[in-house]
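Q: Sequence:
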Amino acid sequence: MDVAASQADSTSGDPLLQPFRLKGLTLRNRVVSTSHASMLDEGGLPLERYQLYHEEKARGGLAMTMAGGSAMTSPDSSWGGGQLDLSSDRIVPHLQSLSQRIHRHGAAVMCQVSHLGRRATAYTGNWLPPVAPSRVRETRNRNFPKEMDAADIDRIVRDYASAAKRCRDGGLDGIETVTGGHLIGQFLSRRTNRRMDGFGGSLENRARFGLMVHEAIRRAVGDDFAVGIRFVIDEAVDDGSDFEECLAFARLFEREGHIDFFNCIFGRMDTDLSLAEQNMPGMFTRSAPFLPLVGQFKRETRLPVIHAAAIRDVATARHAIRENLVDLVGMTRAHIADPHIVNKVMRGEEDRIRPCVGASYCLYKKVQCVHNPASGHETIISHTIVGTETQKRVVVVGGGPGGMEAARVAAERGHKVCLLEAGARLGGQVLVAASAVDRKNLIGIVDWRVDELARLGVDVRLNTYADAEVVLAEKPDAVIVATGGVPDMEWLEGAEHCDSVWDVLTGVAPAKDDVLIYDETGRQAAISCALHLARLGRVVSLAIADDTLAIETPYPDRVSFRKLASELGIRIVSDVRLVKAAGQGNGIAARFRHELTGAETEMTAGQLIVERGTAPMEDAYQELRARSVNNGVTDIALMTGTKTKAGPHAAGSFVLHRIGDAVASRDIYSSIYEAYRLCSQL
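Here the sequence shown is numbered in UniProt numbering, starting from 1 and rising by one per residue.
These are calculated hints, taken from the structure and not from any lab test.
Glycine included, C-beta positions come from ideal geometry on N, C-alpha and C.
Check the hints yourself; a few may be wrong.
Said to hold, decoys possible - Pairwise CB distance ranges, derived in the manner of DEER restraints:
#	residue 1	residue 2	range
1	126	104	34 to 40 Å
2	151	90	21 to 27 Å
3	13	287	35 to 41 Å
4	48	507	47 to 53 Å
5	205	26	52 to 58 Å
6	465	324	55 to 61 Å
Claimed, not checked - Cut-off 25 Å, straight-line C-alpha distance, at most; resulting in silico cross-link-like pairs (BS3-like, lysine-lysine):
#	residue 1	residue 2
7	512	563
8	392	416
9	392	440
10	365	563
11	475	392
12	563	440
13	23	298
14	475	416
15	580	512
16	440	366
17	440	365
Please build the complete structure, drawing on both the sequences and the hints.
A: What follows is the structure in structure tokens.
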């Protein structure tokens, strides 16, 4: 018996690994990745980087990957970029290439087919006015749509059918449409459908457009092609469709007989907050919040059910299948963190799955994971670290996320690695970040690497201050300095009167009753500290240099931080820059300059906490530079992928590199990405 068959037999009782029949399609297990806009397309086409991103998940063992989040059926369904364009035949050969890549690994592939309706934009892309059932503006999109007439309805129904046929011609295994905030859902909901004709009013009338779409799709693709709906099961708003009405719509679609599955979603997507809390729940939402309601929906309908919403770990996914809450479980963001989830389960390596920590970094700019640098970069770097025949002695100084990743990758390459950390624990700044309750799951970034370093036999030495002599005593061939940074306070007159976010979150500096926090980064640190103190009952004001709170964070974090700040009564003062601090009695006076007017004002508080990123801790690096063969200069070609291997150097000498915040104040992802790119080429 071959290894794969043996592995399958050893895990044959696992609910996640049971095959499932969907329409005429046999799926090899119950784990899928649902459609999302990866932003990896090129001009609306799924070219090499788009295909490799999906292929990696197929290689990793899942049953089906679904491409094309919000893929365009029509030219007037653009939000300005980042969508597959299914509105012309030019996409067909690229879909054929995508499907061939996925199928050769034994997985299936589908695509979302949709019209955005009022969610489209008039101000970029094709510069066409958005259309909708009624002239109701979406808060998030901000465009005023044209109310659709009969010609618009007929055209878009045809476009849906043509787009679905292109997916079939592209060799895909099926498609799904979308209700929710997209056009079909805009017809279904009273909130967005105020028509008085045959497409508005009664439940049957509001369903008419969606039924027409699916009838046309079925005629275009035939009976053997899987067609489903990503279907909202409750709009969770007073003037929208509740669970019972959504269930009635579902039964209408089932009765018409043109669909094969429901992909259940919850809530709305017409504001940043509804996206963050309902449609794509982020770090502020508990795990798998909608599974019980999805299970109820499944019990009251007859078609297979898919569901994906904050199902981040295998235990939760397995529970969803075992308890018959769903037929197929979507672990979409979990597969961005680790596309090889299923293979690891099959190999009995479930404990080695890189965890999704719910950081929402994959929603920041394009698909990328806060601690998997390969996701979304498959054309540049591999998810699999290639071993080397020439073992080197590698010393890593600093055990934060960048240092841990550097040690991990170097050890995976086959090098002998020693990691020197001055503190009593590995983790660096992540330990500080995870001490804030809203970001506690970030500790998964550390815990996973701690386990991997132990598995790889890395020599980890805690409570070890690594000066030049300590490092050189290890006779290294390569030294990676990942010492991070310290809170940047030296620029401020009166800094001696201030505390840092680190001081407060770690308890080094007790929080006073009346606190003023200054944030010049727009990142998570200052607002996390503000929320922490407000929950402890402190009176908190937050002064920011930007015009928007947490501007350098993904939109789900941004809006959630704003909501929590409002709920906790945190006073926000924007567009001000701190210029001076001075003691005043038992408190402190802070002088600010307005960014727009230049006017200066003073604010007083019992305590001033300052967040301005970090200044590099570079003592060890500067001590070692002159003794290294490269004077501590890292060839940028190594970091950009234009050079694929570090050059040789004489025996008894060493190369020196520094990464992460030891270079400049950045974020977790930057330090891990830098470590991976560099050390995979040592």
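Q: Which earlier hints can't be squared with this structure?
A: Of the numbered hints given earlier, those the structure breaks are 3, 5 and 9, listed in rising order.
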